[in-house]
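These protein sequences, in sequence, are chains A and B.
The numbering of the first sequence is our numbering, which starts it at 3 and goes up by one.
The numbering of the second sequence is our numbering, which starts it at 269 and goes up by one.
These are calculated hints, taken from the structure and not from any lab test.
Note that CB positions come from ideal geometry on N, CA and C, so glycine has one too.
Check the hints yourself; a few may be wrong.
[What the hints assert, rightly or not] What follows is a set of in silico ranges between Cβ atoms, one per label pair, in the way DEER data are often shown: (1) Leu117/A - Pro550/B: 43 to 49 Å; (2) Asn120/A - Thr422/B: 35 to 41 Å; (3) Arg565/B - Asn142/A: 29 to 35 Å; (4) Asn142/A - Tyr277/B: 35 to 41 Å; (5) Thr19/A - Leu574/B: 58 to 64 Å; (6) Ser144/A - Asp502/B: 52 to 58 Å; (7) Ser144/A - Arg565/B: 24 to 30 Å; (8) Leu296/B - Lys110/A: 45 to 51 Å; (9) Asn56/A - Ala378/B: 19 to 25 Å; (10) Leu350/B - Lys110/A: 32 to 38 Å; (11) Ile544/B - Arg119/A: 45 to 51 Å; (12) Ile279/B - Arg129/A: 33 to 39 Å; (13) Ser144/A - Leu350/B: 51 to 57 Å.
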Amino acid sequence: MSLLEVKNLTKTFGGLTAVDDLTFNIEKDEILSLIGPNGAGKTTTFNMITGFLNPDRGKIIFNDIDITSKEPHNIAELGLIRTFQKTNIFPDATVYENIKLAHFKSSKYSILDILIRNKKFNKTEKRIKEKTNEIMEYFNLSEEKDKKAYNLAYGRKRILEIAIGMAASPKLLLLDEPVAGLNPKESKEVMELIYDIRNKGITILLVEHDMSVVTNVSDRIVVINFGEKICDGDCEYVTSDEEVIKAYLGDDIDA
Amino acid sequence: MNINSNIKYIIGILLLILLPFLINNEYLLHLLIMGGIYTLLVSGLNLIVGYIGQLSLCHPAFFGIGAYTTGLLFKRLSTPFLLNFLLAGIITAIISIGFGYITLRVRGSAFIIMTVSFLHIMHLLVLNEVDFTMGQKGISGIPNINILGYNFNTKTSYYYLILILCLFTLFIIYRLVNSEIGRAWKAIRDNENLAKSIGINVFKFSNFAFVSGAFIAGLAGSIYAYYINYISPDLFLFSITTTLLVMLIMGGKGTILGPVIGAIIFTLLPEYLRFISEWRMPVFGVILILGILFFPRGLFSIKEILSMKMKKKEVSS
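Next comes chain A alone, as it looks inside the complex (with noise of 0.2 Å):
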């Protein structure tokens, strides 16, 4: 049984069919990434796993759960985790902060226990900040613990954003385009990052368009271009496959 499945998905945005009738999966444990040029459809197909769009036709299955067209809280709830491709922190927040907002699926406790703050309310309360200060730990943002998150480098920026993914407790880590922007490296960086957390038993999902990127770290590539699914397989198959080449250079090339 695959971790995630995605069924015949479809979108269109009026005329224009942004994903069509896609279709593949994701294994336990795998780093899959999902790649094509500009404008693919990728941030889309992205948007309708995490329900912050809905498909036009199309399913998807998560751990053996119907997801399609879940609210994105629901789906978070479930373990499935995303970042987002402009950087998305809580920017007012210090980073200290951050990652303990981003615990809040592990806080369940009733209006009860917060207001007489029982045994209960302080155990959990303890767990979150050890298990806050273990991710900082982790992704080495110890000494920017207090500062605002507006005022870390961009480059921390991207990884606080993967932190504060790996603290919502992710099945599946959802990244999109988390090098964009970053000089190589930095994005050397956070590739190796990526590939650490997988070796921890988080699957992962890249989305990205530069492809020489990805290769080192993909299990698998699934390579869309306008809408469709055009190859899939490991990163030996999909470089030399001539379609995903045209895809990238171009076809019309003048010999």
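Fit chain B to the known structure of chain A by using the hints.
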């Protein structure tokens, strides 16, 4: 909260308890009672404006609904205080659930316009349903509060009642804000999409803040009706919205004590400017502009600003 700040709060509360004996001035006591009622209103409004980040302009409507529930219950059914008081809160909350259920699906200007409309609709209803609400005449003759035979016939007794209510409300808000609920509120305010994607039900938490604020406003309205003994459709005027927003923003939105400071100062200030007679409102306006210019995040941020200046000095020296 460490022991040091605990002591600070205990001293503050003791001072508030002793205050009626220290000031011995009926008029000032009346203003403090009104300041207390405004504290309740602004603290409730703060939940939706300060923590969720949705500008609600219909808060006086909930105050008015609470007051009218109390007034009408007394007039028609002569029910006792405690029942009227609780029903004022509950009925206001129920109405706000219905209204929030429709309006909190949208953000920003659409929400703002709907709240203004709601306030005006309520005002017109109260004004024109003369048979039910007595229209422009209002409801007079609401007696003083009577709890189990004890009659609240002095300003001091009302002062203590409001004080207890304010402390209790602030305590509950403090606990809510410093919990999972408060964190969800702030997440929604700072970045709604990210809040959704980490599993926060934005609609549910916005509604909870909105309804809590309305419930508090309903209770405040009930106390107000008993204290002033008279209510009129003027409770639904937009000018009250303005007053509440001035108090909230000048006090410091998104903080717990900001609304208190704002409510007290902006209840007292206009009264103590009466000595300049016709210059009162212009001067008040200038004070407001200067205030917002120098403390854009509210008077409550003075401490923050001062400590930042100290730090800067330390760095430069």
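- Message: For each hint given before, does the structure comply? Return the numbers of the non-compliant ones in rising order.
- Response: none
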